[in-house]
Structures are given as C-alpha cells and as structure tokens.
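S.K.: Read top to bottom, the protein sequences are chains E, W, Y and D.
Everything in the first sequence is counted per this note's numbering, starting at 1 for the first residue and increasing by one.
Everything in the second sequence is counted per this note's numbering, starting at 1 for the first residue and increasing by one.
Everything in the third sequence is counted per this note's numbering, starting at 1 for the first residue and increasing by one.
Everything in the fourth sequence is counted per this note's numbering, starting at 1 for the first residue and increasing by one.
These are computed hints drawn from the structure, not numbers from a lab.
No experiment lies behind these values; they were computed from the predicted model shown.
Please note that a few of the clues may not be correct.
[Said to hold, decoys possible] Result set (BS3-like, lysine-lysine): computed pairs, CA atoms no more than 27 Å apart in a straight line:
hint, chain 1, residue 1, chain 2, residue 2
1, D, Lys17, E, Lys303
2, W, Lys181, W, Lys139
3, E, Lys377, Y, Lys216
4, W, Lys139, D, Lys17
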Amino acid sequence: MDLTLTSDEQAFRDEVRTWLEDNHPGAGPEGDDSVRFEFQRDWQRKMHADGWAGVAWPKEYGGRGASLLEQTIFYSEMAAAKVPRPANILGLVMGGPVVMAHGDESQKERFLEPILSAEEIWCQGFSEPESGSDLASLKTRATKVDGGWSVTGQKVWTTLAHISKWCMLVARTDADVPKHKGLTYFICDMEQEGVEVRPLLQITGEAEFNEVFFNEAFVPDENVIGGVGNGWMVAITTLMNERAGLGASAAVGISNDLDALVEMINQRGLGSDPMLRQRIAKLKMGSEALRLGALRSLSSQIKTGIPGPEGSVLKWQWGSINQELTELATDALGSEGLESEQEWTYKMLRSRANSIEGGTTEVLKNIIAERVLGLPKLR
Amino acid sequence: MDLTLTSDEQAFRDEVRTWLEDNHPGAGPEGDDSVRFEFQRDWQRKMHADGWAGVAWPKEYGGRGASLLEQTIFYSEMAAAKVPRPANILGLVMGGPVVMAHGDESQKERFLEPILSAEEIWCQGFSEPESGSDLASLKTRATKVDGGWSVTGQKVWTTLAHISKWCMLVARTDADVPKHKGLTYFICDMEQEGVEVRPLLQITGEAEFNEVFFNEAFVPDENVIGGVGNGWMVAITTLMNERAGLGASAAVGISNDLDALVEMINQRGLGSDPMLRQRIAKLKMGSEALRLGALRSLSSQIKTGIPGPEGSVLKWQWGSINQELTELATDALGSEGLESEQEWTYKMLRSRANSIEGGTTEVLKNIIAERVLGLPKLR
Amino acid sequence: MNFGLNDEQQEIKSTAKQFLESRFKPDVVRELAEEGRYDDALWQEICDLGWPGIAIAEENGGQGLGMVELAILCEELGYACAPIPFLSNAAAGLMIEAAGDEKQRARWLPGIASGEARGAAAMERGKEAVIVPDAEGAAVLVLPAAEGGVLVEPSEAEFERLDLLDTTRGYYRVSASGGDPLGSGHEGAQRAMVALAAELTGLAQRALDMSVAYAKEREQFDRPIGAYQAVSHALARMLYDVEEARSLTYYAAWAADAEPDSLPLAAAMAKARASEAAWDVTKAAIQAHGGIGFTWEHDLHFLLKRARADGQMFGPASEHRERIAGMVGMA
Amino acid sequence: MNFGLNDEQQEIKSTAKQFLESRFKPDVVRELAEEGRYDDALWQEICDLGWPGIAIAEENGGQGLGMVELAILCEELGYACAPIPFLSNAAAGLMIEAAGDEKQRARWLPGIASGEARGAAAMERGKEAVIVPDAEGAAVLVLPAAEGGVLVEPSEAEFERLDLLDTTRGYYRVSASGGDPLGSGHEGAQRAMVALAAELTGLAQRALDMSVAYAKEREQFDRPIGAYQAVSHALARMLYDVEEARSLTYYAAWAADAEPDSLPLAAAMAKARASEAAWDVTKAAIQAHGGIGFTWEHDLHFLLKRARADGQMFGPASEHRERIAGMVGMA
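Please take these sequences and the hints and turn them into a complete structure.
M.R.: Shown next as structure tokens:
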C-alpha cells in the first residue's frame with residue numbers, strides 16, 4: 001500500500017498540470033447554450049491539438065494511450081483546475097470506446113477522428129419514458145428496410161441531442177425473443193427528418209436533457225454496432241465505461257464544493273455553529289471516503305484488469321454526499337437559500353437527480369446486493 | 001375535535017387514579033424471577049378484587065366492561081403511576097379475549113375466571129425458530145389420538161412459559177392443505193411430561209423468554225378453540241388484540257423515560273449541549289406524536305368500531321423512539337454508559353428487540369404499504 | 001375525548017377538498033405558478049365562501065370558528081398547492097386578533113375576514129428586513145417588532161418582489177419604520193405557525209398520494225414499482241412522516257383555542273415536524289417517481305419548492321427544536 | 001500509487017485470518033467472553049508470531065513494519081472478536097515509541113514487542129481517572145497527562161476491574177499520580193486511534209459477513225430473506241458503511257508513516273467513521289437476523305458490545321467530528 005505517486009506518475013501529473021495551467025480557457029462566457037457549447041468545443045479542439053482529448057484512447061486511434069492511473073490523474077487534475085468539460089464528452093467516454101470495442105474497421109475509420117476533434121457530437125439514446133431502470137424493456141423499434149433500418153420510438157434524458165450528429169441508439173429489432181435478446185445497437189444520424197428533438201425542462205428550469213422522437217428515421221446497415229441482436233451486450237459495456245475512472249474526479253468536484261461551502265459558512269459568521277460543524281465533518285469524511293474508495297477501486301482494477309461492481313458504491317456515495325452538501329449550503333443560507341438566482345439553491349435542486357440519473361440508488365443497491373454481496377436475485 | 005375528557009370520562013379517570021393511589025403496591029421487591037412473579041400475582045389479585053383486572057372484559061365474564069376510551073385511560077394511568085404489570089398479562093389481553101371470541105360455553109366456564117384471578121398463568125406458543133415473520137409456515141404438528149391431539153414441535157419467544165398453566169398453541173393439524181389452512185388453535189396444558197421449557201437468554205443477559213419443546217404432549221379435544229383447521233383465523237384475531245389500545249400506554253412509558261432522561265442530562269450538566277438539545281426535542285416530538293397518534297387511532301376505532309391498520313405505524317414509532325431514546329441516554333453517559341449495571345445501558349440493549357418483537361419493522365412496513373396505502377402485494 | 005374531526009369539521013374538509021380540486025386543477029396551478037400570479041376571480045370565490053374569516057370572531061366580521069377549522073382549510077390549500085393569498089392574510093388576522101387593541105381589531109379585521117382589505121404578515125420573528133408573503137395589494141402589513149408586532153400601511157413601507165424558488169406565492173422583502181404597535185406576546189405568531197404547519201401537512205399528503213398512485217401504475221421489470229420494498233417501504237416512511245406532522249398539527253390547532261398554555265410548545269412541535277416531514281416527503285416523492293419526477297412538466301416540484309419555502313418561514317426546524325428542548329426542561 | 005495491500009501485506013492478512021479462524025473459533029470466544037478472561041497459551045502463540053512488535057522499530061525489539069501492517073492485524077483481531085490483550089499493548093508501544101526518550105524506549109519497548117512485559121494504555125485523552133484496557137498484568141501503564149502521557153508502573157497505580165458490557169476485553173479504572181513523563185505530542189494517541197479504527201472495521205465486516213450468510217440461508221415466505229429488498233438493501237448499506245470505514249482507516253494507517261502531517265485529520269476521520277460504522281452495522285446485523293440475533297446464544301452481541309466500547313474509547317464520534325470541522329477550516 002502506497003498512495004504516493006511513483007516518479008513516472010508524478011511526471012505525468014506535472015505534465016498535465018503544466019499543460020492545464022498554460023491552456024486554461026478561463027471560466028468561459030456567460031450566455032445561452034450555444035455560446036457555451038462553442039466555448040466547450042474550442043476547448044476540446046485545444047485539448048485534441050495537444051493530444052489530451054482522447055487521453056484514455058489507444059494511440060492507434062489517435063488517443064494518448066494513458067494507463068488507468070494516468071486517466072485518473074488527468075480527470076482529477078481537470079476537476080481540480082476547474083476547466084470546462086470537453087464539448088463531446090459522451091463521444092469521448094462512451095461513443096469512441098464502444099466503436100473501438102465492438103465496431104469494425106470501417107466504422108473505426110469513419111467515426112473516431114471526428115469524435116476527438118469535436119466535429120461530430122454524440123448523444124446517447126437508451127432511456128425511454130416507459131423503461132427507466134428496466135432498460136431491456138425498451139420499446140423503440142427498428143424494422144428492416146432496404147439497405148438499413150427504420151427506427152420509430154421515443155428516447156428521453158438525451159443530453160446534447162439538439163447539437164448531436166450521432167446518437168448511440170438501442171432499439172428492438174426482434175419482438176419475438178425474450179426482451180434482452182431482441183435489441184440492436186445503432187449509430188443513428190440525428191440530422192434527418194425522422195428525428196425530432198424537444199428540450200426537456202428540469203425542476204431547475206434548465207433544459208439539460210432532451211426528448212428525442214424517432215419517426216421512421218433511417219439507419220444504414222453499416223451503422224449497426226456489434227451485430228444485429230447483440231445490443232444488450234454492447235450497451236452494458238458502454239454503461240460500464242460510463243462509471244470507470246469517474247469516481248476520483250467526482251471526488252475532486254465534491255472537495256472543491258466543500259471548500260467553497262466552508263468559506264461561505266465562515267463568511268456568514270456561522271463557522272462556530274455546532275450543528276453545522278458536525279455536518280461539515282460528516283461531509284468531509286464522506287468526501288474523503290469517496291476519493292479513497294475511488295483509489296482503492298482503481299488499484300484493484302489495475303491489479304485484476306476488470307472494473308469491479310464496487311463502482312456502484314461510489315456512485316451511491318457521490319449522489320448522497322452531493323445531496324447532503326448542497327442541502328447544507330441552502331440551510332446555512334437561511335432565507336437567502338430560497339432565492340432562485342442563488343448558485344447553491346440551483347445546485348441543491350439539481351442534486352435531487354443524483355440519486356436517479358445513471359442508475360437510481362435503488363438499482364445500485366440491487367447491484368451491490370447481488371454482485372458484491374452475492375445475495376439471491378430479487379424475483 | 002376535542003381532546004378534553006367528558007365529565008363521565010373524567011370521573012372514570014379520577015376513579016382509576018384514586019384507586020391506584022390507594023392501592024399502589026410500590027416498586028416491589030428486588031430478587032429473582034419467582035419473587036417478582038409472586039409480587040405481580042398479588043398485585044393482580046388486588047386488581048381483581050376491586051374489579052380492575054379484566055377492565056376490558058365484558059361484565060358477564062367478570063370484567064368491568066370498560067369502553068375503549070376507558071381502557072385507554074386505565075392503561076395510561078397505570079403507566080403514569082408506574083405500577084407493575086399484572087402477573088397474567090397474556091391471559092388478560094390475549095387468552096381471555098380469544099376464549100370469549102371463539103370459545104364455547106364450557107371453555108368460557110373453565111378458563112376465564114382463573115385468568116382474572118391469576119390462578120392460572122397463560123403463555124403464547126406461536127413463533128417457531130423457522131417461522132418468525134412467516135407465522136403460517138409453522139411446523140409444530142398435532143396428530144389426532146384418542147380423545148385429543150398429540151403435539152410435537154418447538155416454540156420460541158414464549159414469555160412466562162416456565163410459570164404458565166396454559167399455552168395458546170397453534171399447530172399444524174393438516175399438512176396436505178395450503179399452509180394457512182391446516183392450522184388449529186389449542187389450549188395446551190403446560191404441566192405435563194411432554195412439555196419442556198428452557199429459558200432463552202437475551203443479549204441483555206436476562207431470560208425474559210423461553211423455548212418450549214413439545215414431545216407428544218397431549219391436548220384433549222375440548223381444548224381446541226374455534227374448531228379444527230381454523231387456527232390461522234383465531235390466531236390473527238389474537239394478534240390484533242395484542243396491538244389495540246396499547247399505543248397510549250406505551251406513549252406514557254416513553255414520556256416517563258424522556259422525563260427521566262432530561263433529568264439525568266441536566267444532572268450531568270449537559271443540558272446546554274446543542275446536539276443533545278436537538279435530539280431531545282426530536283424525541284419529545286416523537287413521543288407526543290405517538291401519544292396523539294394513539295388517540296387519533298382510538299377515536300377512529302370508537303367511531304368505526306374496528307381497529308385500523310394504523311396500529312402498525314404506532315408500533316413502528318414506538319420501537320424507533322425507544323431505541324433512539326435509550327441510545328441517547330447511553331451516549332450522554334459517556335463511558336459510564338458502557339457499564340453493565342447501568343439501567344440505561346440495559347434499556348438500550350433491550351430496545352434493540354423493539355424493532356423485531358411483535359412484528360418486525362420490515363413486516364410493519366409491508367402491512368402499511370399493503371393495507372394503508374393499498375400498494376400491490378409483494379410477490 | 002375525540003381526536004378526530006367532528007361532523008361539521010368533516011363537512012368543511014370535504015367541501016374544501018372538492019372545491020379546491022375543481023378550481024385548482026393541476027394545469028391551473030401550473031399556469032399561475034409559471035406566471036407568478038394569482039387569479040382574482042378564484043380569490044373572490046374563496047372570499048365569498050367566507051374562508052378568510054373562518055377563525056376570526058363574529059364580532060370582528062368573521063365566522064367565529066376556531067384554529068382547527070382554519071387548519072383544515074390550510075391543509076387542503078396545501079394539498080391543492082393553491083396559488084392564493086390566503087395564508088399571509090390569515091396570519092395577519094391571527095396576529096391582530098391576538099394582540100390588537102379594540103380599535104386595531106375594528107379597523108382591520110373586517111377587511112381581513114371578508115378578504116376585501118387583505119392583511120399580510122411577516123412570517124419571521126424579530127428581524128429587520130423581513131419577507132412578507134403577499135405584501136403587494138394588502139391593506140395592512142403586520143411586521144415584527146422588538147415586542148410582538150407592528151401594523152404598517154403599505155404606503156409607509158418599501159417593498160421589493162423576490163424571485164424565490166416557490167412561485168406559487170408572491171414573496172416580498174419589506175422594510176418600514178414606525179407603524180402602529182400591537183400588544184406584546186407571541187400567541188398570534190404561534191397560531192400562524194400552526195396554520196403553516198397545516199399547509200405543510202397538506203403538501204406532504206399530496207406528494208404521498210401522487211407517489212402512491214404512480215407506484216401502483218408504473219411498471220418496471222414486469223411489475224408495478226409499488227410491489228418492490230425499495231419503493232413501498234419508502235412510501236410507508238412517507239406515511240409515517242405525514243401522520244406525525246398531522247397529529248402534532250391538529251393537536252396544536254386544538255390547543256390554541258382549548259388549552260392555550262400548551263400552545264407555545266405545541267406550535268413549535270407542529271411547525272418543526274411539519275417542515276421536516278414536508279421536505280423529506282417531497283424529496284422522497286421525486287425519488288419514487290424517478291426521472292419524470294425531476295422534470296418541470298411534472299407537478300411535484302411545485303410541492304417541493306413550496307415545502308422548502310414554508311419550512312423556512314418562522315425559522316427552520318432546528319431553531320424550533322432548540323426552543324422545544326428548553327421548554328421540556330433541558331438546562 | 002497503489003491503494004491496495006502489497007503481496008507481503010496480503011500474506012500477513014491471510015495468515016492472520018487463517019490463524020485467528022483456527023484459534024478463536026466462536027465457542028472459544030464465547031467461553032472466554034463469558035468467563036471474562038484471556039487464554040495465556042493463545043497470547044503466547046501470538047507473541048511467538050511476533051504480532052505485538054509488528055510496528056515497533058527493530059532497534060527496539062520489534063519487526064520494524066508499519067501502521068498498515070498493524071492495522072491489518074487489528075482488523076483481523078476485530079473480525080475474530082478475539083479476547084486477547086493485544087490492542088492496549090500495541091497502543092502503549094505506539095505511544096512510547098512516538099513520545100518516549102531513548103531510555104524509556106529501551107526500557108519498555110522490547111517487552112511490549114515480545115509481549116513478555118506487556119504495556120497497557122489509557123484509551124482516553126486528558127482525563128483524571130481513566131479506563132485502561134488490560135491494565136492488570138501489564139508491566140507499564142501509559143496514562144494521559146496534561147501534555148502527552150506519563151509512564152506509570154502498576155505498583156504505583158490503583159486499579160479496579162470494571163464490569164462493562166463488552167466482556168471480550170478486561171477494562172480497568174486506573175488512578176495514579178506522578179510517573180515518568182513522556183514527551184509531548186499526540187502522535188502516539190493518533191496512531192492508537194487508527195489501530196482502534198481498524199479493529200472496528202473488522203468487527204463491522206464480521207457482522208456484515210454473518211448477516212449475508214444468514215440472509216442467504218434463512219427462508220421466510222418461501223424464499224431466502226436476502227431476496228427481499230428490505231433485507232438486501234439494508235445489507236448493501238452495511239457494506240457502504242464498512243467500505244467507508246476501511247478506506248479512511250487504511251488511509252490513516254498509511255499517512256501515519258508516509259505523510260505524518262495528514263495524520264491528525266486522517267486519524268480523527270478514521271476513528272469517527274469506524275466507530276459509527278461498527279455501531280450501525282452491528283445494530284443492523286441484529287435486525288437482519290431477527291429474533292435469533294437478539295439471543296445470548298448467537299454471537300452477534302459480542303460484536304455489538306465491543307463496537308460500543310471501542311466506539312467510546314478516545315471519545316465518541318461527535319467529539320472527533322467537532323475537531324475535524326476545525327481542521328477543515330470552520331471558524
């Protein structure tokens with residue numbers, strides 16, 4: 001056990017840190033979504049120019065080929081430096097990896113480079129109104145037509161859909177087999193008539209997500225990933241990619257917010273309030289346990305080569321800590337915490353989704369019970 | 001809505017109060033179980049002599065025929081005066097009522113009076129090691145023999161078994177029908193060779209409960225209650241009796257303990273500790289909510305004539321408040337709270353069973369979900 | 001002893017529920033909340049029903065009923081999440097009736113009771129610039145002062161509309177100096193806290209009912225989600241919270257009129273418990289609904305946000321608990 | 001960077017687990033706990049393995065390994081719920097090594113390392129009459145003093161055996177005056193807190209493992225209770241608690257040797273989190289077991305009671321949280 005970085009690891013961290021210092025794009029412009037998006041796209045281009053966009057991607061596909069630990073260092077440093085997310089985040093962490101893992105050579109040729117360069121933005125079409133936790137029950141249908149597939153159905157919670165070129169779409173291609181088996185994974189062109197995107201307002205008043213309606217949208221055969229009928233398996237791999245390595249940078253985000261919270265409390269002269277002190281200490285322990293849990297999980301993944309199911313614990317921890325942290329902030333603000341324009345109030349409302357998005361806490365507990373503890377499956 | 005007592009109700013309360021003042025037996029002797037038991041038996045005899053033992057029983061069976069509200073007043077005053085329990089508590093609140101509801105005339109003749117007078121103590125043989133929450137899965141078997149039934153099996157959590165004359169015993173008389181249907185309710189004589197009672201030590205070190213082993217114990221036909229095969233229905237009625245009306249007196253008990261706790265905290269100079277103050281306030285609210293919830297439930301039962309499923313909420317509240325209260329006490333005691341001889345430490349350990357005994361909290365939540373909220377039954 | 005509603009109270013409750021259900025349909029509430037306004041015609045209807053004066057003495061132009069009846073209305077208004085300037089007016093009435101002299105009562109209570117000259121009360125104690133719901137359009141403001149409160153006419157006050165997360169009600173920051181002092185004492189504020197607790201109880205009950213309905217209907221993995229203990233036990237816990245809030249609230253409402261010595265403690269308990277219950281229950285309701293509960297298009301967030309704002313009025317639960325500890329003898 | 005055990009540490013862990021499993025079988029633990037005594041032969045075996053000196057420098061007669069290795073042993077001893085005078089001796093060693101002068105180290109550490117002349121340390125800071133585990137039979141006692149600690153020989157101290165709920169360990173109330181003062185500083189106590197946190201983590205892990213095994217095997221309503229979310233989600237929560245305790249504990253153990261500046265905060269976090277985790281998890285384990293978990297004949301209560309006693313040593317979690325708040329800048 002040794003939490004210090006080796007000299008190689010330290011050199012990598014220093015390289016990242018220096019690069020981030022030299023290239024930090026600043027807080028970015030205020031303004032509407034499209035202004036913000038252009039800012040993030042420029043940022044990703046800059047990252048890509050210096051070989052940081054695909055930090056986790058193998059070199060042969062234009063990535064940096066960083067090790068798991070290096071990826072963790074990179075994401076943590078990004079979070080610590082408070083740089084923006086790259087514009088094509090879903091392409092980088094899901095779309096690219098799924099094409100690399102399950103795509104054929106011509107798909108790799110076609111799709112990978114524009115992901116890195118942010119020329120083509122990606123979004124994810126898994127969730128549907130009727131199938132949230134129960135992904136395999138999805139109803140969007142793809143029917144075979146000449147040269148491809150005709151897709152009809154509705155997806156929801158689709159981040160970035162309105163600016164995306166490609167959608168990672170899972171649809172039912174065979175209704176006559178058990179529900180996990182009839183699914184296929186497509187890369188669907190969003191720029192066509194059969195695709196309609198509507199913004200989905202959240203309780204915060206923002207539209208971070210979209211609903212996407214497919215009405216006989218066309219997907220050519222060459223955009224099937226992993227073969228017809230293998231959609232479930234391909235999608236599950238993608239979802240696991242979503243989890244891996246994000247724990248450590250999420251912990252950095254929490255830690256940043258906790259620092260800001262302590263400062264806010266002190267500024268208001270509440271730093272000696274015994275109840276606030278207890279709650280801050282609990283958050284500190286939670287935040288540190290999250291950071292350390294992510295490192296333990298990473299160490300084990302480096303050793304064994306496979307991401308363990310304990311990623312579900314990290315996601316659960318993160319959501320619950322973030323909810324407690326932002327609620328504490330609005331509590332400390334008193335009636336100011338009721339104000340719509342208060343950043344902490346926004347964060348508190350936004351945090352209510354943390355126990356739903358990317359796996360509800362209930363589903364995470366099921367996963368832990370079944371896959372970590374080995375308890376019998378709920379029938 | 002009017003929480004004040006009517007003049008009749010007030011008169012009844014004053015009568016109870018005066019009688020308790022005049023007849024309070026004191027704290028009773030220290031000493032072993034049998035000394036304590038004799039003390040409680042004497043106390044019940046005194047209650048019976050003045051017509052208070054069967055306060056809820058109809059007059060025709062030697063009871064006082066008190067209304068639901070009067071019963072509540074009576075139990076609450078008992079709790080407030082901190083008098084001991086009558087020795088034959090299970091006979092009074094379960095055995096008698098079940099005989100009155102389901103017994104035939106000769107059974108009423110035979111069993112009721114000795115319950116009131118505490119000549120014959122009763123215990124309850126429902127739970128088994130393999131069937132805790134799932135009562136209907138019980139395995140104790142009664143086989144037809146000449147003139148009666150031969151019982152073999154094991155019961156557990158049997159309070160007072162070692163001093164009981166009679167056991168309310170549910171056993172399987174027909175293994176060939178679905179599990180709820182093959183049960184029969186017996187009154188089994190504990191004073192026979194086929195019955196062996198072993199004390200069951202709890203984590204407190206006490207033996208409040210027993211295990212009872214039946215080895216071809218004999219029960220004559222005339223001791224079947226409610227007919228062969230009707231044991232489930234009879235038992236369920238009995239269990240409902242266990243809940244009704246106890247909420248209010250349980251709330252008085254909590255309130256007494258809360259007063260004692262505040263006093264203890266003040267004595268130790270901790271009354272200004274902000275965290276203790278928050279926790280005490282929560283307990284006060286919980287304690288009051290329990291008292292008031294019991295009164296609401298009672299009012300509704302008086303109006304509708306049937307005890308509602310909200311009794312499950314009261315039991316849940318009570319258990320959780322008592323666990324928090326006793327844990328707070330041991331927290332406040334610091335390292336003194338580790339001492340085996342500390343009364344609060346005993347109470348804290350004992351309270352861990354509050355969420356298990358008389359319906360686990362998990363089962364109570366199921367009942368609330370299904371019967372109060374009308375949610376679909378867990379399959 | 002009857003800790004249930006009597007026939008007349010039951011009648012008030014079901015009439016109110018029915019009326020509010022028909023008038024404050026979800027799309028009406030949504031429209032008003034999104035536009036941050038009230039519907040004058042609906043307010044007029046409610047005035048015609050005599051609700052604003054329900055707990056005001058007949059001699060002051062009210063119906064002369066009590067706190068229990070007012071709590072019933074507030075609970076149902078909370079249940080409906082009705083955008084209506086009811087609560088602040090009722091609070092003003094309670095405060096003036098409790099601590100006003102004869103002249104003050106005669107001057108203001110008839111208008112408050114009829115709703116024709118509304119009052120508005122600060123829902124805080126002992127602060128300087130205070131938040132007053134529904135201050136705009138009120139004929140009189142009840143603001144906190146060192147000892148009890150003070151009556152201020154709108155022309156003597158400055159106010160600014162606040163942009164709070166709860167848009168089902170208008171909130172204003174009011175500052176004023178001087179004014180016409182009320183007598184001392186906190187009874188009026190305590191009564192107003194009970195009314196607020198009743199509203200919170202109603203909000204929580206609504207969130208629970210919506211969740212139960214959703215859990216019966218929504219299916220995942222081939223069964224209704226309400227058949228999973230992960231969901232059903234969470235709903236049972238919501239019931240637990242709502243029931244505790246309701247017991248303490250109605251006890252406080254009853255005590256206000258029948259056992260005034262118990263009111264300070266009872267009101268603090270009701271407010272603290274109902275604030276917490278409504279917040280916890282509305283949060284849990286969003287969780288039970290999953291993604292859809294997090295959308296603007298679903299109605300839950302109006303309940304959540306109002307629960308948050310209500311919970312803050314007259315101070316958060318922790319402040320009341322601190323006082324409760326003192327009242328039960330912690331020293 | 002590797003936040004996992006290296007091969008040597010893994011070897012220590014599995015050897016310790018295997019050894020303790022074979023020696024401290026449940027009926028052995030039960031017998032010793034019920035009689036409130038230790039088994040000298042078992043202690044001798046542990047001494048022969050060199051465990052008491054694992055973290056003591058070689059020059060002082062120990063093995064010269066570090067806090068991580070000591071934490072591994074403590075976790076396994078907690079897992080076994082072993083009645084053995086290990087922890088107090090280890091704590092004494094840590095305190096003397098951290099704050100003793102050369103003479104004090106030379107005099108006491110070899111005996112502590114070999115286990116032939118045990119030490120015993122008060123697991124409290126800055127009090128008068130303190131509780132010292134395993135004081136009887138110790139060659140030297142480390143007691144708290146105004147600045148750091150003081151070494152007292154048993155002949156100079158009065159002690160009384162206490163009847164505490166945890167009977168897997170001997171607790172004594174010790175009072176003494178004078179003695180041989182150690183240097184100042186809290187490092188030794190902080191290290192001892194980490195050892196204690198490791199024991200608590202082991203206790204919690206054991207309670208979780210027992211609960212998981214029971215939930216797989218126990219059937220109610222025709223299925224294993226572990227198939228019900230009411231049970232399985234509670235067990236998932238127990239895992240959450242255990243994992244947080246373990247992460248913070250091993251971090252603190254690593255920091256003690258590698259990053260001493262982080263130790264004060266890390267030790268406080270480890271102790272606070274592990275105390276709470278062990279208490280919550282052992283309570284939840286009883287609940288998961290139902291009635292049988294509440295019986296004396298089941299082994300869970302030994303874990304519960306030791307978790308309670310350990311949690312109290314060096315002060316309860318709330319005290320540490322108060323200090324943590326200060327260390328993260330609350331002012």
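S.K.: Determine for every hint whether it applies to the structure shown.
M.R.: Verification of the hints:
Only pairs whose Cα atoms come within 27 Å are accepted, and D/Lys17 paired with E/Lys303 is accepted, the gap being roughly 22 Å. Using a Cα cut-off of 27 Å, the hinted pair W/Lys181 and W/Lys139 holds, with the two alpha carbons roughly 13 Å apart. Restraint check for E/Lys377 and Y/Lys216: the C-alpha separation of about 22 Å stays at or below 27 Å, so the hint holds. Between W/Lys139 and D/Lys17 the alpha-carbon distance is near 39 Å, which puts this suggested pair outside the 27 Å criterion.
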